[in-house]
Amino acid sequence: MLQLKSKELKLGKYPYTYVRTNVMKSLLFKKHDYEKMLKMGFNEIAKFMQDSNYKKEISELATQHSGADLLELALNKNLAYTFKKLIKISPKELGLVIREYAKRKDIEDLKTIIRGKFTNTDEKLILNSITAAGTLSLDYLNQLIGKESVEEVLKNNKIVDFSLLGKGLQDLKEKNTLVSIENALDRCYYNKLVDFSKTLPKDGTLFRNFLIKEVEILDILTLLRLKKSKLENARSFIITARGLINPKIKKMAEVDDLDTLIKVLEETKYKNVIDKGIEDFENTGSLIILETELYRYLLRHSALLLHQHPLSVDVILGFMLAKDIEIRNLRILIKGKQLGLEEDFIERQLVY
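What the sequence shown shows, in this note's numbering, is residues 1 to 352, in sequence order.
None of these hints come from the bench; they were simulated from the model. Watch out, some of these pointers could steer you wrong.
Simulated restraints, written as ranges between beta carbons of each label pair [as the list claims (entries may be wrong)]:
id, residue 1, residue 2, range
1, 69, 39, 22 to 28 Å
2, 149, 39, 44 to 50 Å
3, 92, 140, 33 to 39 Å
4, 128, 167, 45 to 51 Å
5, 91, 251, 41 to 47 Å
6, 124, 328, 21 to 27 Å
7, 47, 164, 43 to 49 Å
8, 128, 36, 25 to 31 Å
9, 128, 164, 27 to 33 Å
10, 62, 32, 23 to 29 Å
11, 251, 128, 29 to 35 Å
The beta-carbon is built from N, C-alpha and C at its ideal position, and this holds for glycine as well.
Given these sequences and hints, build the entire structure.
As structure tokens, then:
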């Protein structure tokens, strides 16, 4: 596994890359596009996507796949193509930043594979569920899918040092749960990214501040799920981002139940963000809207990076997050229409 150098990384101005990134940003679906798709049937959405930036991937895959499988695979392939294109059009130094950030997709793919192994899912289904949008190739990920167990997958991964996964593997064997392993993967990714941000010049401060915001959101969502599931020792699942995380997040981990956690959350800067989600949770017992509102907050924050720092690395990182969220939205739309869910229910889960 490659180690990042501690010396400061020199970043210049790359107007060509930033202009190309803004062109790609202009192709993202807008609010009115989602409003149109919400009123469409499944086949109409497929046609709408085929007439959009996803045309190439849908056309290439249409000879072997159809229906929801075709659209899901097209989303994966498009995301991988987009992130790899960013690296291709970037100078070496900028490409290194993009690669480090894109490793989140490697972590997601590792989680998908170990969940598939854990549930004895068919290997072909696992392969169809990974994006290969990070730094690991599709062929390599396919090799991991062929491993016999979760432990073998983790031993052979190139992203996280296997020695950091011991507690998670112990919990897997003793409690039959993947929670600790998945948390360890996230923790390692964000700690490394925070360390990497310290090697950047002025851009590093903006990048690091955004990372801290993202980690806070992730920690809040993790705590909400853990408290709802009544799992103990929530504090051990907090990602501290090398100690930079807000102390109030740690305080939330100490509370005894979900209701108390929500009261503490209401005392933070997120109060206005989560009001609608809390009301829905109290009425339905579901955390879906609360999670969606927090993701929307994060997307708005990334949009500020795009507008306030148009000639910095932040424009690229903001676009990558926005693209990732677009893929998430389209998955929700596709699955919702496939299952015949109500338009209002689907809309409340979309982030734009």
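Point to revise | Status of the given 33 to 39 Å range, CB of residue 140 versus CB of residue 92 | key: violated, 22 Å
**Study point:** Assessment of proposed distance window 21 to 27 Å (beta carbons of residue 124, residue 328)
**Key:** Since the Cβ atoms of residue 124 and residue 328 sit about 23 Å apart, the hinted range of 21 to 27 Å holds.
Review point. Holds or violated: 27 to 33 Å for the Cβ distance of residue 128 and residue 164?
Key: holds, 29 Å
Check your understanding: Okay, residue 69 versus residue 39 on CB: inside 22 to 28 Å?
Key -> Roughly 24 Å apart at Cβ, these two residues keep to the hinted range, so it holds.
Review point. Lying within 29 to 35 Å: is that true of the beta-carbon distance residue 251 to residue 128?
Key: violated, 42 Å
Check your understanding: Should the hint that residue 91 and residue 251 are 41 to 47 Å apart at their CB atoms be regarded as holding?
Key -> holds, 43 Å
Practice item. Mind checking the hinted window 25 to 31 Å against the Cβ distance between residue 128 and residue 36? Key: Because 27 Å falls inside the window, the suggested range holds.
**Study point:** Distance restraint evaluation - residue 128, residue 167, Cβ atoms, bounds 45 to 51 Å
**Key:** violated, 31 Å
Exercise for review: Indicate whether the distance between the beta carbons of residue 47 and residue 164 respects the range 43 to 49 Å.
Suggested key: Holds: the Cβ-Cβ distance is about 46 Å, inside 43 to 49 Å.
Review point. Given a hinted range of 44 to 50 Å, is it respected by the beta-carbon distance of residue 149 and residue 39?
Key: Roughly 46 Å apart at Cβ, these two residues keep to the hinted range, so it holds.
Point to revise | residue 62 versus residue 32 beta-carbon gap, inside 23 to 29 Å or not | key: Taking Cβ atoms as reference, residue 62 and residue 32 lie about 27 Å apart, which means the hint holds.
Checked against the numbered hints above, the structure breaks hints 3, 4 and 11 and satisfies the rest.
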